[in-house]
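Colleague: Residue numbers (my numbering), protein chains in the order written: chain S, 481 to 674; chain Z, -1 to 602.
Because the hints were derived from the structure by calculation, they are not lab data. Glycine included, every Cβ here is placed at the ideal spot set by N, Cα and C. Hints may contain errors.
Think about it this way: if two alpha-carbon atoms lie no more than 25 angstroms apart in a straight line, the pair counts; the simulated PhoX-like pairs of lysine-lysine are [what the hints assert, rightly or not]:
# : chain 1 : residue 1 : chain 2 : residue 2
1 : S       : Lys548    : Z       : Lys340
2 : Z       : Lys338    : Z       : Lys234
3 : S       : Lys626    : Z       : Lys570
Distance ranges between label pairs, derived from CB positions [to be verified]:
# : chain 1 : residue 1 : chain 2 : residue 2 : range
4 : S       : Gln511    : Z       : Pro320    : 40 to 46 angstroms
5 : S       : Arg620    : Z       : Asp425    : 56 to 62 angstroms
6 : Z       : Ala496    : S       : Gln511    : 53 to 59 angstroms
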Amino acid sequence: MNKPSKNVIVAGVGGQGTVLAGRLIAEAAMQEGLSVKGAETIGMAQRGGSVTSFIRFGGECATPFIKKGEADLILGFEPGECVRLLPYLGDGGAAVVLDRAVMPVSALTGASRYEPSEMISYLKNRVDRLVLIDAESAARALGTSKCLNVALLGAAARSGALGLTVERLASAVKAVIPPRLTEINLKALNTVTL
Amino acid sequence: MRREYLMGNEAMALGALAAGVGVVCGYPGTPSSEVISTVCRRAPEGVYAEWSVNEKAALETAAGAAYCGARTLVTMKQVGLNVASDPLMSLAYIGVKGAMVVLVADDPGPISSQTEQDTRTFGMYSKLPVFDPSGVAEAYEMIQDAFDLSEKYGTPVIFRPTTRIDHGYEAVTVKEPEEYKKITPAGFVRDPANLVIFPALSRRNHALIEKRNEGLKTEFSAYGKNEITEYGRGAKVGIATHGGSLGYVRENIADGDSLRLFKVATPFPFPEKLALEFLDGLDEVLCVEELDPVIERALTFTAGKYALPVKIRGKLTGDVAPSGENSPDSVAAVMDSFLKRKTTTGGRDVPAPPALPVRPPVLCAGCPHRASFYAVKLAMKGRKALFAGDIGCYTLGNAAPLDMCDTCLCMGAGLGIAQGVKRVDPDTCCFAFVGDSTFFASGISGVINAFYNQADMTLVILDNSTTAMTGHQPHPGTGVTATGQRVTPVSAEKVLKAIGLETVVTLDPLDLKTAVGEVRRVSEKPGVKAIIFKSPCVAIEKTDRRCTVDENKCVGCRKCINELGCPALGMKDGKAHIDAAQCTGCALCAKVCPVGAIGGDEDE
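Hey, can you work out the whole structure from these sequences and the hints?
Modeller: Have a look at this one:
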């Protein structure tokens, strides 16, 4: 079967804005006149759990779900969550990752172990096209951590791995995000330069 | 017509509106909840929608509306159907005048449910036709077919998406409101001979139902969404599948594969004639299903009935996992083996990663449930106690370090369990925790049972003024309806007092000291008594309050972290640290801190 679709995975933790990021990618692809399918985990998993969105666009696909080894891009909102989804990344695939870890309660209380620096060095060794985003300086430039999801999206577009332009994403931001938040999100799209 | 990128639940809601639905009722439950919120947002004038108190009330309300000739939609998750099954089983015999589509969302995995029950099987049990959509765009069309079939045969019809359809997204071409079907209900016409269920009526109607279902087997064989597709030439093997798994199968059909694909959109009554066409000339068939082996059993039966020389494989033969959710990768493995082809899955061969973060869902930072549980935990320290939990965000109170949920069974069950434990283990101090929405949905009868039968227990209502877990729907205690109308709220306190409880205490869980003392005092009283912990859900009532750690005072003892498990609390350079982005200023940690190092719970 013919499968030329662009396969994107958004991986993060509940509350990080992964769902909106997926929605913006879909909107941008729709505006390009491309076919789009998507899927996301919501519900129980939202309460601080791992959250994954799949978006496939621009090709023929029978399901929004992506097989292992067939993702073109992982947008990692969190280093550990990016590593968790790494088996889905295909040869030559890209990962655009925020370097700031979200510590789970189990690690805070000492019931489990989580060492973010190990994740980052693992990503450096295993991902062909890795773009690591400095979350602190992006948040400082924006004056908030709340739009880091859109900043990450802008970085992914600029890296070329997303297959959508920053201009197209800006148009999606205007279509999807309420007017009072449009400006800060448009700024976020252009916060991270590569 | 216009194209919209829609979530499956949105597509089904818009499909129902296009079909002229007039009355929509349901109770929230993941993954079904967005259907009603979409109806509320998008319905043209004249469509009535409500969050019912529970699924039984929803179905009965819709039944009355359908008796009048309206097209009705009832929504719930699969375990909600257990609650609605009493009216639905009988309504299957009585039938409807307008139409009734019962949308029941199944949850293979399960991802956010208690069970992996299969509503297709419930369709067979209740003898009601079942539609099983395979994608978002198809669900939009198919739910309109379901309304037409319901009206044509005067029967409730089950529409059964699964989580991946409910929460999947596709660009869908939808109708404009002007294109929606217009239904003008005739109103209620007295007809007790057909609307009052007596054994004589049931005898007569049962025979008619069986006859109708025989006819539906043929009708469904001609239904366009039940499909046979040939891949390659001269196929000797076939794959039968349904729902979300159809996409996984199609995704895994490789160039050069020779097979026949059977997509079953109406698992009951089973399209037998079409199944015979599918089986004709095949040696082997693989059934790729989630939940019960419904298609596999039907095909095995068909092959036996017509003495066909074909082997049917699937869950019953051990070829497909008997439980759990399918994925493109799991289906690839099953198909590789069935088609005897080289492996097409597995991804890249990469070395094992370092230990991944463990992230079970947790109570949010500042969640008032944390404070409520902690107060009861402190009050019962050293006592033998039972903490019966229930269904909602507060089930997450089971996680360490709170560890305050000993049992959880189904909506409202904690009340009964607390009573039963006390009967057999009388020296245990028994608590039942129930959320406000769950209390109204199915807790009240448990309280009456306890009071009438002289039980000894403490009911704790965790009142955060919303149905939080499923996405913050209103309920009878909130004084707001599904469509935003302001109404008189039902008071849990007054309900409890009307039942006869003498001790009903309302507390602020964030006032820890008072809460602990009151829990101790109330729990020592005989009989049935209640505590209502009232504090709004932090996801709705946003605050500007934040707590901060005075690094000069903090001794790094980690008590705040280890006692509360709040996601905003961590350590930085040997001192406690509060993540300002998550903190809501609930200040529970400030009350736990032994050296008074945490403060700043004032508005900034």
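Colleague: State for each hint whether it applies.
Modeller: The hints, checked one at a time:
no.: 1; hint: S/Lys548 with Z/Lys340; result: 16 angstroms, holds
no.: 2; hint: Z/Lys338 with Z/Lys234; result: 13 angstroms, holds
no.: 3; hint: S/Lys626 with Z/Lys570; result: 22 angstroms, holds
no.: 4; hint: S/Gln511 with Z/Pro320: 40 to 46 angstroms; result: 44 angstroms, holds
no.: 5; hint: S/Arg620 with Z/Asp425: 56 to 62 angstroms; result: 59 angstroms, holds
no.: 6; hint: Z/Ala496 with S/Gln511: 53 to 59 angstroms; result: 57 angstroms, holds
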